[in-house]
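Student: Taken in sequence, the protein lines are chains A and B.
Each residue of the first sequence is one higher than the one before, starting from 0 at the first, in numbering that gives the first Met the number 0.
Each residue of the second sequence is one higher than the one before, starting from 0 at the first, in numbering that gives the first Met the number 0.
None of these hints come from the bench; they were simulated from the model.
Glycine included, each C-beta is placed from N, C-alpha and C at the ideal position.
Incorrect hints may appear among the rest.
[What the hints assert, rightly or not] Which stretches of chain B does chain A cover? Using the computed rule of at least three CB atoms under 8 Å from a CB of chain A, they are: (1) 21-28; (2) 292-300; (3) 330-344; (4) 358-368; (5) 431-445.
[To be verified] No farther apart than 30 Å at their CA atoms in a straight line, the calculated lysine-lysine pairs in the DSSO-like style are these: (6) B:Lys-318 - B:Lys-48; (7) B:Lys-431 - B:Lys-1; (8) A:Lys-73 - A:Lys-91; (9) A:Lys-38 - A:Lys-91; (10) B:Lys-458 - B:Lys-48; (11) B:Lys-48 - A:Lys-38; (12) B:Lys-48 - A:Lys-73; (13) A:Lys-73 - A:Lys-38; (14) B:Lys-458 - A:Lys-91.
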Amino acid sequence: MTEPIRLAEIAHARSGDKGNHANIGVIAFSEEGFRHLGKVLTEVRVAEFFLPLRPSEVRRYALPGIHAYNFVLKNVLGGGASRSLRTDSQGKTLSLALLEMRIPALEGAGMNDDG
Amino acid sequence: MKSIRVGNGAGFWGDNLDAPRRLCEAGRLDYLTLEYLAELTMSILAHQKSRDPSAGWVTDFGEVIASLVPSLRAQPGLKIVTNAGGMNPRGCAAAIADVLVQQGLPDIVIGAVSGDNLFPRLDELLRAGESFAHFETGQPIDSIRNRIVSANAYLGAGGIVESLAGGARIVMTGRVADASLTLGPAVYELGWNWLDWAQRDWDRLAAATVAGHLIECGAQCTGGMFSAWRPEISLSDVGYPIAEISDDGRVIITKPPESGGTVNVETVAEQLVYEIGDPTHYLTPDVDTDFSHVRLSQVGIDRVEVSHARGAPPPETLKVSLAYQDGFMAAATLVVCGPNAVENARAAAAMILDRLASAGVRLARTHVEILGNGDTLPGLAMSPASDPWDVVLRVSAADRSRAALERFVREFAPLVTAGPPGITGYTGGRAKPHPVLAYWPTTVSRAQLNPEVVMRTAKEWASTGGKSK
Numbered sequence: 000m001t002e003p004i005r006l007a008e009i010a011h012a013r014s015g016d017k018g019n020h021a022n023i024g025v026i027a028f029s030e031e032g033f034r035h036l037g038k039v040l041t042e043v044r045v046a047e048f049f050l051p052l053r054p055s056e057v058r059r060y061a062l063p064g065i066h067a068y069n070f071v072l073k074n075v076l077g078g079g080a081s082r083s084l085r086t087d088s089q090g091k092t093l094s095l096a097l098l099e100m101r102i103p104a105l106e107g108a109g110m111n112d113d114g
Numbered sequence: 000m001k002s003i004r005v006g007n008g009a010g011f012w013g014d015n016l017d018a019p020r021r022l023c024e025a026g027r028l029d030y031l032t033l034e035y036l037a038e039l040t041m042s043i044l045a046h047q048k049s050r051d052p053s054a055g056w057v058t059d060f061g062e063v064i065a066s067l068v069p070s071l072r073a074q075p076g077l078k079i080v081t082n083a084g085g086m087n088p089r090g091c092a093a094a095i096a097d098v099l100v101q102q103g104l105p106d107i108v109i110g111a112v113s114g115d116n117l118f119p120r121l122d123e124l125l126r127a128g129e130s131f132a133h134f135e136t137g138q139p140i141d142s143i144r145n146r147i148v149s150a151n152a153y154l155g156a157g158g159i160v161e162s163l164a165g166g167a168r169i170v171m172t173g174r175v176a177d178a179s180l181t182l183g184p185a186v187y188e189l190g191w192n193w194l195d196w197a198q199r200d201w202d203r204l205a206a207a208t209v210a211g212h213l214i215e216c217g218a219q220c221t222g223g224m225f226s227a228w229r230p231e232i233s234l235s236d237v238g239y240p241i242a243e244i245s246d247d248g249r250v251i252i253t254k255p256p257e258s259g260g261t262v263n264v265e266t267v268a269e270q271l272v273y274e275i276g277d278p279t280h281y282l283t284p285d286v287d288t289d290f291s292h293v294r295l296s297q298v299g300i301d302r303v304e305v306s307h308a309r310g311a312p313p314p315e316t317l318k319v320s321l322a323y324q325d326g327f328m329a330a331a332t333l334v335v336c337g338p339n340a341v342e343n344a345r346a347a348a349a350m351i352l353d354r355l356a357s358a359g360v361r362l363a364r365t366h367v368e369i370l371g372n373g374d375t376l377p378g379l380a381m382s383p384a385s386d387p388w389d390v391v392l393r394v395s396a397a398d399r400s401r402a403a404l405e406r407f408v409r410e411f412a413p414l415v416t417a418g419p420p421g422i423t424g425y426t427g428g429r430a431k432p433h434p435v436l437a438y439w440p441t442t443v444s445r446a447q448l449n450p451e452v453v454m455r456t457a458k459e460w461a462s463t464g465g466k467s468k
């Protein structure tokens, strides 16, 4: 088994707000990386990672043309831009947080069914 | 083949004041777009207009237009499309007309597009069967009806196309979909079918809409906010984005030569996914755009081609952004230094809340952050435990009572002398509670909207003072 890697090693990302929801677009640097993300960066994994923010739902959408997945995290901003008491009321730092997630290394993907 | 260059010099109200001028000087633009309206900006402008009927537009714009006068003189083909009009496009047109007349440009035609403001029509529209229910929760509007401060529909590119066809060199709108600021010029200049929906080429409209989406946030597609940014990408002189749109729907994103930042497949991809939901339905009043198959390719230095956008007819309902009063909020900070700074900051926050409780002040919501300790994302352990010498303590609170928050913000200064050691940084004065304007997304049927375009020369606008008659 190879060591897990940071998501940032194979992808980059941007996040922002829509009302009280946030979205995080995660873009793989390569097509191979995109296929890997399809297996390991599931709605469940992302929801678990952001569990302390208590998302009511996490949805994943594919943008295969740019090797990306868009994650929509419902109700994670503590009220959104106008009502949230947080410094980051618009979720702009969620992308950098997600890029720190540890995921299985690319070459180990096939040997590790549970991701 | 014909193509146009559309540059966007502002991504929000408060963006760099020199960017529009620099973009015009170096960008060889046909069009400059300037986008100022975030989701809640309209409610702030509504508040300003309620105190002064000639206000309600983006006040930065007067200074910006003055900075653009030399470019407007030197480049006779340059046109400007902006939503700086906010709650009062005609008032903004009149205000900038004064500047243009003074600067010797009295004959410039300004088209003002209105019709997005539904606030004065809410009762009429409710009677006509519009529910204005919250479009996610389905909650009826009754609960907030008497607290609404603004209600604006997102208009599409129609009023912009009409203004340009009428000879406008400056188009001043209120709330329109951000991407429509770019689509309007493309439709007009590239001769695309527009009025007859059966003749529309939805894929081309989609291509220009993607272009508009990519440039609408300014430097966010030219290296700003780039998650893989490195110091070699110079941002102090960052170039703002330009979309080259061809009549066949080809789009290239670029930036002025010699400017800072970078335009590559990665910076553009990050902006493509910015603040989107389902990528197969990016909805504007103009077109339902599918982003999911969009491809990006580097076709030159700082040149990225954007292809494979697909379009379909948009829905019959338009998005409305409605704001309502929802009590008050305040936030204040102190700096806590020394050994055990994190623990001492937490203790200081507890003292604030204890003292308020002793004084009988109960706040509906409070939130404590120790900045420097990873608290921006509460509960996520992003960095290993550390013992920083200094942290920022930020405490925020919300309540229906302004008086309760006035008392809350008074509890910070006493901590300097009656708190743990090492508290400093109380130099900015006492924080002020401010009203919360909460956001209520809803919809209205397209048939209820009557976009209205008023065209006048700067000289004529200046003499009207922005009044409609």
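Student: None of the hints should be skipped; say for each whether it holds.
Tutor: Hints, verified against the model:
1. 21-28: Violated - the region 21-28 of chain B has 0 residues with a Cβ nearer than 8 Å to chain A, which falls short of three.
2. 292-300: Check passed, 4 qualifying residues.
3. 330-344: violated (count 1)
4. 358-368: holds (count 4)
5. 431-445: holds (count 5)
6. B:Lys-318 - B:Lys-48: holds (23 Å)
7. B:Lys-431 - B:Lys-1: This hinted pair is violated, its Cα atoms lying about 54 Å apart.
8. A:Lys-73 - A:Lys-91: Judged against 30 Å, a Cα distance of about 15 Å means the pair holds.
9. A:Lys-38 - A:Lys-91: holds (25 Å)
10. B:Lys-458 - B:Lys-48: Holds: Lys-458 (chain B) and Lys-48 (chain B) sit about 24 Å apart, inside 30 Å.
11. B:Lys-48 - A:Lys-38: Not OK: Lys-48 (chain B) and Lys-38 (chain A) at ~52 Å, beyond 30 Å, violated.
12. B:Lys-48 - A:Lys-73: violated (34 Å)
13. A:Lys-73 - A:Lys-38: With Cα atoms ~22 Å apart, Lys-73 (chain A) and Lys-38 (chain A) stay inside 30 Å; holds.
14. B:Lys-458 - A:Lys-91: Violated, at roughly 44 Å.
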